[in-house]
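Make a model of the complete structure from these sequences and hints.
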Amino acid sequence: MRVAEHTPDEQTFQRASEWVARLEAADCTGAERDAFEDWLAEHPDHVHAWAQAETLHQQAALLAADAGLRTHVAAQARPARRRWLPRLAIAAGLCVAVIGGGLFAIDGNPATHHYANDSRVPQQRTLEDGSIATLDAGAALAARVGWRGRRIELERGRVQLQVAPSAKTLRVHAGNSTLRDIGTTFQVERRGDGRVDVALLEGAVEVTSSGAQASRYLLQPGQQVQVLPTGRIQPAVAMSRPAAEGWLHGQLVFDGAPLQEVVERMNRYSATPLVVDDPALASLAVSGTFRAGDAQQLLRALALGWSIAARQRADGAVELHRQP
Amino acid sequence: MSSPPPVIHRVSEPVPLPEAFAVFVRDEREPLCAFLRARGASAEDAEDIAQDCMERLIRYRAHGTGELRLLLYRIARNRLADRGRSLPARAHLPLLDDHAPDTPAGSTPGPLRQAESGQMLALLRQALFKLPERCRQVYLLNRVSGMSYTQIARHCGITANTVEKHIARALQGLRKELGPDSFRKDGET
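Just so you know, the protein sequences line up as chains A and B, in that order. Positions in the first sequence are counted from 1; adding 55 to them yields my numbering. Positions in the second sequence are counted from 1; adding 6 to them yields my numbering.
No lab work stands behind these hints: they were computed from the structure. Please note: incorrect hints may appear among the correct ones.
Calculated lysine to aspartate or glutamate pairs in the DMTMM-like style (CA-CA distance at most 25 Å, straight line) [claimed, not checked]:
id	chain 1	residue 1	chain 2	residue 2
1	B	136	A	73
2	B	171	A	82
3	B	182	A	65
4	B	171	A	65
5	B	171	A	64
6	B	136	A	65
7	B	182	A	73
Laid out in structure tokens, this is it:
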């Protein structure tokens, strides 16, 4: 018997970890959530133990930024395998529903699910249809899987979608652009100024825009296009693979990008925003590879290569200006 | 006039809230509202829920800022989950992902900043590979791929209840591996 090893502390932690797991279960009830909050209030040690468990649990989610680990897990959870699973799963779900009193009845219910990444590192999420979304820092989307179609609304930021094969068409709405897709991997980004960038890694995607210059374009693998706020789709250019794949593991690659764009991207990963007020400076072309979140490295490069100096403002932001 | 026994009286008397707590509530309200809006709450609902959360937080007021922030966002997610159940499914009123993998790490900025330095993550990564295989697989599918319990259950051919048990066990295993002292500083202010 190893009972002696179970210090009260360990038992409290065990209870706390069970709560952490319970609270994220689909069948967790409001009464259970209230019971949890009461349990916490019973003793400060309960809060300490739970805070440890919760912190661990959240830190583990930060490992999603670990590209190696993500690949390792994605290999085990390949969406393609799911092609055959839904029907089985539905059948199994129905059996369990009969036995288990409807715990799985939620399957197939076309509710909208929100995914928001408030952290400063990219995060991977598996959507209801088995598609894998990698949300860049600060990105948010809403996904709805119905019986006939799949719809994703990119609310802000950048996302890479590895679409699970399915007979249901997937439509992605990003600002004034709609992407139609059948089984593929692509990236889409809503920019602060209303432009939308689409890059296709594999498969095929049709881009349709709305607005005064509404148009349509069928994107080939390895191409990227930019949709202007007017709806105009700029001519496709070859996708920069280092740039498209870099952000997934914390490398921001720019090739003649306007400084404004560099700053907008960099700010996603940092608590201290960089600001460019001078319009002439904002359009300055910058090239280089920078570590996401390492503003100091970027500032050093800007000072050296582009004679740009930085000054801390009273509100905490760092303003960029030309060196006098 | 029925006065309560002196001992209880001392405890239940309206105590002025600690200064640190008041500052915390003031600073955290807006980020919390933004968090709620990002999860589908309207601006007005976000204000209401945030108010409710702050009131519920009062009973933990003696704790340090790090723990308060964790508590605040846990309470907020609980309220979102409550709401997801009680609201009718109307098209313009999105339901919330209440069996959500959607609990981004960034929702608790405080102690996690330290972890982002990388050292803790490296230790955590090592500890993960010492978990029993099934337990690790389930835990990584949840944490790294963001799969819900239902999705993992389907994927691994186990019940959602077993998924839940693996998750709790993974946390216990990780703590055993990392040692209870590795978090000490998080518990303090």
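Now the hints, each set against the structure:
no.: 1; hint: 136/B <-> 73/A; verdict: holds, 20 Å
no.: 2; hint: 171/B <-> 82/A; verdict: holds, 14 Å
no.: 3; hint: 182/B <-> 65/A; verdict: holds, 9 Å
no.: 4; hint: 171/B <-> 65/A; verdict: holds, 17 Å
no.: 5; hint: 171/B <-> 64/A; verdict: holds, 20 Å
no.: 6; hint: 136/B <-> 65/A; verdict: holds, 19 Å
no.: 7; hint: 182/B <-> 73/A; verdict: holds, 15 Å
When the structure is compared with the earlier hints, no violation turns up for any of them.
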